[in-house]
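With the hints as extra help, turn the sequences into a complete structure.
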Amino acid sequence: MGIVLKELRDSSQAGGVTLQHLVNVCGVSKRHIYRYLRELEEMGVPIERPQIIQPGKPGGGRYKLRDHQSGEAMGETMLIVALNQMLAWCCLYRHQMMFLKELIIYSMAVRYGFKLPLNFMTKNTAIKLSNLTYCEIESFLAP
-11 MGIVLKELRD
-1 SSQAGGVTLQ
9 HLVNVCGVSK
19 RHIYRYLREL
29 EEMGVPIERP
39 QIIQPGKPGG
49 GRYKLRDHQS
59 GEAMGETMLI
69 VALNQMLAWC
79 CLYRHQMMFL
89 KELIIYSMAV
99 RYGFKLPLNF
109 MTKNTAIKLS
119 NLTYCEIESF
129 LAP
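Take -11 as the starting number for the sequence shown in this note's numbering and just add one per residue.
Because the hints were derived from the structure by calculation, they are not lab data.
One thing to keep in mind: the hints can contain errors.
Calculated lysine-lysine pairs in the BS3-like style (CA-CA distance at most 27 Å, straight line) [as the list claims (entries may be wrong)]:
hint	residue 1	residue 2
1	103	52
2	18	-6
3	52	-6
4	103	89
What follows is the structure, encoded as structure tokens:
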């Protein structure tokens, strides 16, 4: 989404940017670009969309910022986009750390013969562990 906002900002003086250009620059589908544009509008970024001349036919119009936002407002929007991305990475990182922690505790319990409560592992970890092969578990448990 940050790339889309940067392209809109940089191309506003040149008359805007085409949908195909955004697809090429971001490396995602048109559906993703439409979603990014909608999310930016929901965050308060005024985007001028091309007019539809004939329904059902793709237009050759250009997307651009409606009026030039102040540098401060644009900076705040970019900051929100960056923070959203960081939050997604933190969530993914937290899930990966919990999986590794539970896997290590489980392997220590198996190695030393400890009994763990039935509800010790989260459902997510239990599913991931059930998908491991016997060889992968043995190599992990080996001293």
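Hints versus structure:
1. 103 to 52: violated, 62 Å
2. 18 to -6: It holds: about 17 Å lies between the C-alpha atoms, which stays within 27 Å.
3. 52 to -6: holds, 11 Å
4. 103 to 89: holds, 17 Å
Checked against the numbered hints given earlier, the structure breaks only hint 1 and satisfies all the rest.
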